[in-house]
Amino acid sequence: MKRFLIIFAFFFFSCSNEVPNPASEDIFNNPLDEEEVEYDLPALTFYPVEVDVAAGTSFGVDVFALGFENLAGINIRITFDENRITSVSVIPGTIFEDAQNDPIFFSEVNAEDGWINLTASFLGSDSAAVSTTGSVAQLTFTAVATGDSKIQFGAECEMVDPDDVFLEIKGFGETNITAN
Amino acid sequence: MKKIVTIILFLLGMAVAQDDAATGEAEGAVEKTAVQDEATVATKRGGAKKTVAVFDFDFQGIGESEALTFSERFRTEIGNTGSIRLIERKALEKIMEEQGLQQSGCTTDECAAEVGQLLGAQNMINGSIGRIGNSYTVDIKMFSVETGETERTANATYEGEIDGLLVEIQILAWEIVGREAPTKLKLQREGETALSTLAVMDFEGRGITMGEAETLTDRLITELSRTKKVILVERGTMNDVLNEQGYETAGCTSDECAAEVGALLGVDLMISGAIGKIGNTYTIDAKMFKVSTGAAENMKNITYQGEVDGLIIEIEILAWQILGLNPPKSLITKKRRGMSALASNTPLPKTKGGAIMRSMFVPGLGQLYGNHGKSGWAYLGSETLFIGLAVMGMNNYNTASADYDAALVAYRDATDIDEIALHKTATNEAISRMDKANSMSLTFSVLAGVIWGASVIHSAMVAPDELAYNKTTPLQLAYNPVTKNTELTFNFSL
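Those protein sequence lines, which keep their order, are chains V and A.
Residue 1 is where the first sequence starts when you use my numbering, and the numbers rise one by one after that.
Residue 181 is where the second sequence starts when you use my numbering, and the numbers rise one by one after that.
Some hints here could point you the wrong way.
[Said to hold, decoys possible] As a list, the in silico SDA-like pairs of lysine to any residue whose alpha-carbon atoms are at most 20 Å apart:
#1 LYS616/A / GLU25/V
#2 LYS470/A / LEU548/A
#3 LYS229/A / LYS366/A
#4 LYS321/A / GLN302/A
#5 LYS170/V / GLU38/V
#6 LYS457/A / LYS467/A
#7 LYS229/A / GLU326/A
#8 LYS616/A / GLU18/V
#9 LYS616/A / ALA23/V
#10 LYS170/V / ARG77/V
#11 LYS616/A / PRO20/V
#12 LYS229/A / LEU444/A
#13 LYS480/A / ASP465/A
#14 LYS470/A / SER434/A
#15 LYS616/A / PRO22/V
#16 LYS366/A / ASP420/A
#17 LYS616/A / VAL19/V
Because the hints were derived from the structure by calculation, they are not lab data.
These numbers were taken from a predicted model, which means no experiment stands behind them.
Whenever a hint applies, use it, and build me the whole structure from the sequences.
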């Protein structure tokens with residue numbers, strides 16, 4: 001009888017399945033999801049936020065501007081551990097791509113000191129601006145040594161509106177790199 | 181009437197056709213049969229056995245010592261056949277030595293015939309063993325010393341370890357004298373060496389008919405084969421041997437005869453026995469003995485009172501016991517219930533325990549067992565329905581879970597704000613569906629459980645009480661039509 005009850009109980013408990021709970025579990029963790037990010041907006045962030053890579057191989061990290069209103073110019077400083085990773089290339093993002101206005105984009109890479117400067121702006125109409133979340137640049141790095149490191153935003157970052165008025169940057173994301 | 185005539189004509193036709201077929205088959209084997217008959221007759225005559233000398237086998241691809249061993253084993257086995265008079269190897273060697281010959285040098289039939297004449301042998305046997313790759317070939321020839329004609333040949337091809345060739349050589353020894361090799365050797369060839377071979381003599385019937393005794397013996401044989409602990413010699417094979425040796429099955433009742441038959445069959449063990457009847461009591465005496473020593477391995481006797489058909493169970497149990505095995509529970513149960521109950525297929529009395537057990541395995545089955553069809557089907561139907569709905573819920577959950585996984589991966593991979601929102605919505609929808617499906621599965625499985633439990637309890641409540649018939653009042657007042665009186669009776673079970 002006891003054995004029967006055990007089988008019985010097992011049968012019914014086996015019918016209960018796990019249901020994910022977004023309220024208590026960190027299910028929605030896309031760093032570009034404005035509703036879910038832990039920092040305040042507007043913000044600058046990277047995608048992805050975690051990179052596992054083998055030493056000697058390359059990986060891509062995108063720079064995103066989140067929740068900016070009336071954005072017309074960008075000047076961003078990105079820093080990285082030059083002993084662990086090195087910058088390979090910088091490709092302009094799509095945030096300022098517009099049918100009417102051509103954007104300008106400059107980048108400066110200093111792999112020895114571990115920083116990258118990105119400058120982007122609309123060329124043409126002085127009133128051109130965007131209010132969106134978009135990609136500023138696509139960066140490609142190479143892991144040169146094993147170990148953990150971070151790609152972060154420097155304090156020199158500036159975002160301006162068409163009138164060159166600074167827009168407050170309330171949050172900064174970062175990317176953790178694990179090179180094996 | 182017309183039908184009967186048609187059937188009779190059909191059966192006659194079949195019989196004629198079978199005779200024709202048998203004749204056709206026999207034609208191809210005329211020579212062999214003739215020789216076999218000659219050997220058999222000679223054997224039966226006893227004094228008319230042929231005198232045979234066996235040369236050492238020629239060999240190629242194997243060692244000399246191995247070839248000599250095989251030759252020696254062949255001589256031993258051909259002697260065991262009892263069909264010939266074998267000239268000793270020493271006598272053969274002596275003659276050859278006198279003639280200045282060596283066995284290895286006397287390879288021609290003429291030389292062999294010459295030696296055979298000097299030995300006074302009627303037949304000579306020579307043979308050769310060869311090896312090709314992993315296969316061994318053995319070719320043996322028996323020829324007449326007088327005419328030089330080859331009387332019989334036998335050959336075998338064997339693949340495997342060389343020691344396996346021993347069995348082949350032994351079998352060839354039987355075949356060259358026109359006899360069928362014993363079952364034991366054939367079994368050895370098949371690799372069935374672990375089990376003992378056993379033959380059962382028909383039990384002697386004393387006070388019961390021959391047919392009954394034979395039937396019971398048949399049942400014993402069937403049950404012995406069910407034990408899978410012995411290899412049984414077919415009754416037909418045994419009867420063939422008995423007939424060949426001039427015995428009658430019914431006449432071979434003594435231990436000596438049984439042992440002799442066992443030796444001829446080449447079995448390890450024999451079982452013989454008798455079934456007797458004294459008044460209403462039946463006795464079964466069975467003895468299993470080793471053929472090689474004649475010593476009794478096991479003896480069993482059973483005394484039984486009742487109908488003769490009850491002996492069937494007794495003899496089935498005996499089959500296990502004589503081999504030193506415990507009879508299976510089913511036989512014990514059969515014995516307890518009695519043969520008459522089995523014969524009439526009387527079902528066991530229905531019990532509360534039986535009903536509960538059935539409902540435990542399948543809800544409603546206990547009720548059906550207790551003749552409560554409606555409630556039984558109701559329990560069974562509702563249980564099936566609820567389990568079906570629970571399974572459906574689980575399937576829905578699995579589908580939603582797969583959608584959830586896909587949507588979540590898409591959400592995490594998305595970099596476009598609109599796509600992120602889209603996949604997030606899809607993920608949330610999948611979670612919602614998973615939740616609903618899980619609730620459905622859980623609800624209906626709980627309901628199924630409740631029904632299941634209720635079925636068990638209900639089956640216990642409505643099941644027949646097996647002790648009911650014992651609960652009749654011991655004191656009864658009733659009219660007795662025989663005495664035509666109203667009687668107060670008191671009865672109790674002994």
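Here is how each hint holds up against the structure:
no., hint, result
1, LYS616/A / GLU25/V, "holds, 19 Å"
2, LYS470/A / LEU548/A, "violated, 54 Å"
3, LYS229/A / LYS366/A, "violated, 25 Å"
4, LYS321/A / GLN302/A, "holds, 14 Å"
5, LYS170/V / GLU38/V, "holds, 11 Å"
6, LYS457/A / LYS467/A, "holds, 18 Å"
7, LYS229/A / GLU326/A, "holds, 16 Å"
8, LYS616/A / GLU18/V, "holds, 12 Å"
9, LYS616/A / ALA23/V, "holds, 17 Å"
10, LYS170/V / ARG77/V, "holds, 16 Å"
11, LYS616/A / PRO20/V, "holds, 12 Å"
12, LYS229/A / LEU444/A, "holds, 17 Å"
13, LYS480/A / ASP465/A, "holds, 6 Å"
14, LYS470/A / SER434/A, "holds, 15 Å"
15, LYS616/A / PRO22/V, "holds, 16 Å"
16, LYS366/A / ASP420/A, "holds, 17 Å"
17, LYS616/A / VAL19/V, "holds, 10 Å"
In the structure shown, a violation is registered for the earlier hints numbered 2, 3, in ascending order.
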